[in-house]
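Just need the whole structure built from these sequences, with the hints factored in.
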Amino acid sequence: MTTISDVGAPAPGPAPTPTTAKRRSDHRGSWIPTWGMVTTRLMELRKRRGLMIALIAVNIGIPVVFLAIRLISHAVAPKSYGPAGGYSIFTTLVPGVMYIFGFIVAAVVGATAGSVDLTEGMFRHLVITGRSRMALYLARIPAGLAIVISIVAIGYTIVCAVCVFAAPTQLNYDGVNVPQGLSRPALDNWAAAHADKVICNFNFHGGDGLNGPPPNVPCGGGPSSGPQPGTVIQTKGGGTITVPANESQAQIRAFAVTVANQDYSDYRSNFIVPSNTLMIDVGLWIALEAAIGFIVGLGLASLMGQRTVPVILLIVLELILTPVFSRHIISHILNLERGIVGVAMIHIEPGGLPSPFGGGGGGPFGGGGGGGGPTLIPESTLVASLVIVGWIVFWTAIGAWRMITRDT
Amino acid sequence: MTDLLASANPKEEWAVETHGLTKRFGDNVAVNDVELLVPRGCAFGYLGPNGAGKTTLIRVLLGLTHADAGTMSLLGHSVPRHRDAALAGVGAIVDEPRFHGHLTGRQNLQILAAAREPEAKGRVAPALERVGILHRADDKVSKYSMGMRQRLGVAACLLGDPQLLILDEPMNGLDPGGMLEMRDMIKSLVAEGRTVMLSSHLLDEVERTCDAVAIVDRGTVIRQGPISQLLAGSSFEVQVECSDPAVAGGLIQRTAFGGHVQVGPDGLAISLPEGTERDAIAEINRLLVEGGISVYRLQHIQASLEQWFLSVTSRLGSPE
Chain A
-4 MTTISDVGAP APGPAPTPTT AKRRSDHRGS WIPTWGMVTT RLMELRKRRG LMIALIAVNI
56 GIPVVFLAIR LISHAVAPKS YGPAGGYSIF TTLVPGVMYI FGFIVAAVVG ATAGSVDLTE
116 GMFRHLVITG RSRMALYLAR IPAGLAIVIS IVAIGYTIVC AVCVFAAPTQ LNYDGVNVPQ
176 GLSRPALDNW AAAHADKVIC NFNFHGGDGL NGPPPNVPCG GGPSSGPQPG TVIQTKGGGT
236 ITVPANESQA QIRAFAVTVA NQDYSDYRSN FIVPSNTLMI DVGLWIALEA AIGFIVGLGL
296 ASLMGQRTVP VILLIVLELI LTPVFSRHII SHILNLERGI VGVAMIHIEP GGLPSPFGGG
356 GGGPFGGGGG GGGPTLIPES TLVASLVIVG WIVFWTAIGA WRMITRDT
Chain B
172 MTDLLASANP KEEWAVETHG LTKRFGDNVA VNDVELLVPR GCAFGYLGPN GAGKTTLIRV
232 LLGLTHADAG TMSLLGHSVP RHRDAALAGV GAIVDEPRFH GHLTGRQNLQ ILAAAREPEA
292 KGRVAPALER VGILHRADDK VSKYSMGMRQ RLGVAACLLG DPQLLILDEP MNGLDPGGML
352 EMRDMIKSLV AEGRTVMLSS HLLDEVERTC DAVAIVDRGT VIRQGPISQL LAGSSFEVQV
412 ECSDPAVAGG LIQRTAFGGH VQVGPDGLAI SLPEGTERDA IAEINRLLVE GGISVYRLQH
472 IQASLEQWFL SVTSRLGSPE
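Residue numbers (the numbering used here), protein chains in the order written: chain A, -4 to 403; chain B, 172 to 491.
Bear in mind the hints are in silico, worked out from the structure with no lab data behind them.
Nothing false has been slipped in among the hints.
Examples of chain B residues toward chain A, derived with CB under 8 Å:
no.	residue
1	Gly234
2	Asp255
3	Leu258
We put the CB at the ideal spot given by N, CA and C, even for glycine.
Quick look at the structure:
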C-alpha cells in the first residue's frame, strides 16, 4: 500500500460552486418518483414497437377480428349467422380471451419493464444519477400500468360497444325468441300465449305441484316433446300419473306457465346485452387481472434480472397451474392452492360470467356460472382479496428489494 | 436535507478520497486497501493493466456495488451515507457506455435527465452539441458507432453539470481523431474547474491527458502523484553517438555510474538508475572525451510513463 505522505499531490482545485450546493436541495434521495421519471419511462416502453404490437394485437386485435368476422357474417347471411354482439358473445369473449391473454401480455410488459435497464446497460447510468433506486423502480409501475390498462380498456370498450350495439333484438332463450327482462307474471302471460314454444323448447324439470302431466303438443310438426298418451310418469312425490290422450287448451297453457315458472330464474340470468353494471364490474376485473400480471412480471423480472424465464413462468402459472389448482382439491396443499392469485381472481369474478378456465362453481358474486367440470375450490371473498393484495405487495417489495441491493 | 447539506464540506480539497477501501469477490481481492486522493480541478489518471481492479474501484465509488471495508467520499460527501448528495455533482461512464438501442440519443438523455435535478432537462441539447453528436441526436442509438456511444456517454455525464467526471476507459472504441477530440474535451472540462478522473490502460493517452496518476496493480495502488514528479524520480536513458562505441562502452562500465550500457554500431545507450542527477550526462561526456573518444551527439531520454509503469508494476515478466 502506498501512503499519501510520500506523494506530492497537485494543488487543490476550486471549491464547489454555489450551484452545486443548490443542486443538493433536490429530492433525489426520496423514494417517490418524479413525474418526469414516470413519463420518460412511459416513453421508453411505448417506443418498443414489437411489444406494443403484441399488446395491441392480443387485447384489441383478436377481439376486433373476431367481432368483425361476426359482423360481416351476420350482414351477409343473417339467417345463418347470428348477430355479432349480445350478452352471450360478451360472456364468451371477455373471460375466454381478454382475461387470460390480457394477463399474459401484461406480464410480458412487466417483465420487459423490470429487466431492460439491466440487460441494455441503462441501469448503471440511472444509479449514477444518485436517484433513489426505490424511486427508479416505482416509476416503472405507473408507466407500465398506464400502457397496459389503457390498451386493455380500449379493447374492452370495443367489445362492449359491439356487444351492445350489435346485439340481437330479442333474447334467444333455449332456442326461442323471448322478450328480455320480463317479470315472473309477464313471463307467465307470455308463456300462456306461446305455450307450444315453451313446452317444446324450455327445460321441463318435472316435480310436484303440477296440475297435470306434460301435454301432447306437437313440436315442429313432429311428435310431442312430452310423453306419448298412455305413458306412466313417475313423479318426484313418489306417485305416478298416466298421460291422457287429449288435453284441453287450458291444460296446455297451464302447463306452459308451470314450465316457464320453473325456468324463470335461469331466464333472468340471460340478457340480450350485458348490463351497465356487469360491464363496469367485468372491466374492473380484467383491469385488475392485467395489473396483477404487470406487477408480478415486473417484480419477477427485477428479481431474476432477465425477461424470458419470468414470462415463461407466468404463462405456466396462468395456463396450467391456475386451471388445475382452481378445480382440483388437493387436501395437503389446499391453502397453497388458495394462495394462487389466479384462483383468488376467479373467486371475485363478477356474476353472470362463466369461469375463464371452465368448470362449475362460482364466487360469492355469482361468478363461474358455466361449464360442467369440477367445482371451484372453496375460498372466502376475504381470503381471495387478501391473496390478491398479498401478491401485489409481495412482488412489488421483492422487485424493489432486488433493485436496491443489486450490484451492477 | 439539512443533514445532506451539512455533510458537504466545501473546503474539502479532494474530489475523491478513499481510505482502506477493499472489495472482494470470494477469494479474489479486486480492490485491496486502496488509499486514493484525487485533487480537485485536475485530470487524474487511474492507470493499470487489464484486471487490475480499475473498474471495480469506480463501481464501488459510485455505489454500483458495496465495499467490504474502508471509507470513501466524493466531493466531500461521505459515500454511501450521503450518496445522493455526492452523486448530484458527479457524472460517470462505467465500462462500455450502453443505452436503449430502440430510442434516440436525445430520448436516452431525457430519461437520464428526468432522474436528475429539474435543470438537467435543459442541458440535453447543449450536452449533445458539446460532444459533437447533435446532428445525430434523433437517430436511434442502435445505429450509433462505438465512438458515438462513447460520446453519448460523455454527454450523459454532462447532464448534471458535474464537478467530478469519472470516465472508465473513455478512449475505448475511438479512432485517432476521436481520441484527439476526447483528449481536448477532457482538457476543456478541467479548464472549467471540473475534476476528471479517468481509468485507462492506455499509458500514452493518460500521459497526454492527465496531470496526476495513480498506478494500480492487482487491486492495490502502488504509486500516485503528479506525472512529472513521478517520472522525475525514475530512471532515464542517455544515448551517445561516438567514434568507437566498444571502447566507449568499456570506459563507462568501469565508472561508478551504475546502470546498464548497451553498445550499438553507431553508439551507446546508457540506462541510468533512479535518482541519478542530470550532471551525470556532463560527466559521461567528459569521461569519453578524456578517453579519446569523439562524441558526436548526447541525448537525454526521459523515461516515458509506459516505461515507468512497466518498471513499477508486477506485470512485466509475470507468469500470468
